[in-house]
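2 protein chains.
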Amino acid sequence: MQTHLLTIGDEILIGQIVDTNSPWMSQQLNLHGMAVIGKSSVADTRQDILDGIEYAALKADVIIMTGGLGPTKDDVTKKTLAEMFDSEMAFHPETFERIESYFQKVGKSAPPAMRDQATLPVKATILPNKVGSAPGMWFERAGKIFVSLPGVPFEMEYLMSNEVLPRLQARFQASPIVHRTLLTAGEGESNIARRIEAFEDTLPPNIKLAYLPALGQVRLRLSGTWEGELKPDAAARLNAQVESKKAELQALIPDLIFGEENDTLQAVVGKILLAQGKQFGTAESCTGGYVAHLITTVPGSSHYFPGTLVTYSYGMKEKLLGVNPDTLLRFGAVSEETVREMARGALGALQVDVSLAISGIAGPDGGTPDKPVGTVWMAVSDRSRTVAVKYIFGRDRLKNIQLTGTYALNLVRRFLLRQV
Amino acid sequence: MQTHLLTIGDEILIGQIVDTNSPWMSQQLNLHGMAVIGKSSVADTRQDILDGIEYAALKADVIIMTGGLGPTKDDVTKKTLAEMFDSEMAFHPETFERIESYFQKVGKSAPPAMRDQATLPVKATILPNKVGSAPGMWFERAGKIFVSLPGVPFEMEYLMSNEVLPRLQARFQASPIVHRTLLTAGEGESNIARRIEAFEDTLPPNIKLAYLPALGQVRLRLSGTWEGELKPDAAARLNAQVESKKAELQALIPDLIFGEENDTLQAVVGKILLAQGKQFGTAESCTGGYVAHLITTVPGSSHYFPGTLVTYSYGMKEKLLGVNPDTLLRFGAVSEETVREMARGALGALQVDVSLAISGIAGPDGGTPDKPVGTVWMAVSDRSRTVAVKYIFGRDRLKNIQLTGTYALNLVRRFLLRQV
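Here the protein sequences line up with chains W and X, keeping their order. In the numbering used here, each number is its position in the first sequence, counted from 1, plus 1. In the numbering used here, each number is its position in the second sequence, counted from 1, plus 1.
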């Protein structure tokens, strides 16, 4: 089964937004055993949409369109699809009720434009959008499937996960594919590759290993495909084969692996804190609250996280964390001495069992010859010990903040597990 | 003159990389008065490349390809182009010398594969690549131009800026295009549409308005194209026409507009704080440091931002911000009374002139009948006044945090400008 992704709208053609929808969709389709053979973008005019769909349908069995479905005037997608599939438009009460209740929940009434939004081609199967107003639409013609989704990323993701992928899987009897992902933090791609080289060389041809690097993390994904005859136990046997390779890989680099599949470092740290019955807080300088933000994205984090002190200035480091002014003067804010005092100060100030302190030079300015931009000191502390580590990241401010977040959470995890 | 961008290679189709080349190229072409009418991606096989070029050339005058030229790839792109343009391949000494001297500069000798890299279709005009090994190639046929560039971003950017754009400009007397974007916060797409309906109806046919929504923000983009005869003053006249429409739009919704083009709310707030010489801090509960993170993504924010108190627990709200325990007991943490006390407490605790306090129920749990998940109270305070506002967002934790960030920064902006 072959898919083509078609984005509709000027904002991609003029380069105003970077298309992150397509990579996400490609990955999801691949994970479900479906290939993407082409991608294209067209303007939101009737003719461009018609031509774009025609081109996509030349080779693909499934054409997934995104964009061009918002409530305002620049949207012609729906009408063009109705024309293409020779379909009347009609008011769709279920969709309107869903939109109305969505507005009611936030204490507003649905604006009049929402009636248009609920007016849909009758030949489409409507895919209910529970996280926004524009529903998805599913058309079929001559054995091909045409799906139209809103372009807002989380609405597209909701509809793909809950409507499109399950329907495609039910329709196409795909050969079993099994994916297992191990998550690592704190080591680069090439160093990991060196440690698992022998393992990689012994992988059977039907199991592939992919390195998926993100900031400070590398996901290792084993993908097994069934290459023999489609017997009833094929899925179970493939599963067992991939699980055994996963166990082998895990045993090679236990120090680097923090979780599996969709785990996040912040959720893993949260689980350990809950299990150990510990309260945790942060004292952040260069990360400016980013680590606290990560921690509090986890539902229920209030059970182990009372708060954070973002002490951007010298004054606040002294006043809120009790850092000694002499320490700041002698060693500077970005120093082992200062982060150690910050971490110990945070234990009392936030009344927690374990604390994390971070101080660094995020950039783009503020570096010196011995402390270049990207230099970050971090410390983790409890009542009995304090561990401090220095990293030197790069020159990009936002990237430095994000890398620091990853490395700091990983340091907390290893501290809690007494690996450091 | 109309352009089509074609990316070649599997890494985009399987979603392994996000395509940032195309937005950059689109922006550059637009700035030079050239429109991008389509974009597509194909796999790096001969047939896919041939079909992709054929589709692109249906409508475009200029087809710019990226990718499929590196030393480790099959040079299927190069051979397919040679085939398509009925061209011999030949060793190109200038290219080889350039590659050799490039390697010499970094103290290495050119690997053998580099002789292949310097073997090129004789019918191509070679575009010398001074920042990498693979040169660009420029073909012409039947009045259309076909350019092939390496996919490595800085190599592509070098060749576009130094070879492709100057040649295209010299060749085509391009019709001017002008884009102007106004950024709004705090109101949805359909409500904005209602307020500017009359304006939209009077737009001349050569100016289009697009709504580009993101979480809590909508960008309004006016795009003007010159449709008359290409007189010398065309660009200036189009510019004046779009500017005047922009001013009209601005006058209709001044309360919603916070900036233009690539501004961010956090940078705009930062500029106002700098201009007013004020220190600013936040006291955050449900956002868990997210607003502080946004503020500190701006370089130089340390000049107006000493810190933040993330007070997730009742205890920290009392201890760090001096919130009265009775207030918390009587009205709850998510209440007007509490955020007002948090904001006033933060003024002293952080020694700032202006403070923002936020307390809400991010979800997915913790809602009650009169305070559903998504309820957020926020307050901004200085020495003389405090403004508090309640919002009810949705059910998604991360979205609630992000929406709160946008609305809160916008409230701070309006408070500083005395619009609230």
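It is worth saying that the hints were derived from the structure and are not from the lab. Computed from a predicted structure; not experimentally measured. Do not rely on the hints blindly, as some may be mistaken.
Which copy? The list can't say, so a pair holds if one copy fits it or any two copies do.
Result set (PhoX-like, lysine-lysine): computed pairs, CA atoms no more than 20 Å apart in a straight line [as the list claims (entries may be wrong)]:
id	residue 1	residue 2
1	Lys391	Lys106
2	Lys79	Lys109
3	Lys109	Lys400
4	Lys80	Lys124
5	Lys131	Lys400
6	Lys247	Lys145
7	Lys372	Lys400
8	Lys247	Lys391
9	Lys131	Lys145
Intra- versus inter-subunit Cα pairing at 20 Å for Lys247 with Lys145: The answer is neither: 36 Å in one copy and 44 Å across copies each exceed 20 Å.
Between copies, within a copy, both or neither: which fits Lys109 and Lys400 at Cα up to 20 Å? Intra 39 Å, inter 18 Å, cutoff 20 Å: inter-copy only.
With 20 Å as the alpha-carbon cut-off, assign the pair Lys247 and Lys391 to within, between, both or neither. Result: close neither inside a copy nor across copies, 32 Å intra and 49 Å inter.
What label fits Lys372 with Lys400 when the C-alpha limit is 20 Å: within, between, both, or neither? Classified as within; 18 Å inside a copy, 37 Å across copies.
From the Cα coordinates, with 20 Å as the cut-off, is the pair Lys80 and Lys124 best called within, between, both, or neither? Intra 12 Å, inter 45 Å, cutoff 20 Å: intra-copy only.
Give the relationship of Lys391 and Lys106 under a CA distance limit of 20 Å: within one copy only, between copies only, both, or neither. between (48 Å within a copy, 14 Å between copies)
If the cutoff is 20 Å on CA atoms, where do Lys131 and Lys400 land: within, between, both or neither? Let me know, please. Classified as between; 14 Å across copies, 33 Å inside a copy.
Checking Lys131 and Lys145: alpha-carbon separation at most 20 Å within a copy, between copies, both or neither? This pair counts as neither: shortest intra-copy Cα distance 26 Å, inter-copy 47 Å.
Within, between, both or neither: how does the pair Lys79, Lys109 come out at a Cα-Cα threshold of 20 Å? This pair counts as neither: shortest intra-copy Cα distance 26 Å, inter-copy 58 Å.
This entry does not satisfy hints 2, 6, 8, 9, going by the numbered hints stated previously.
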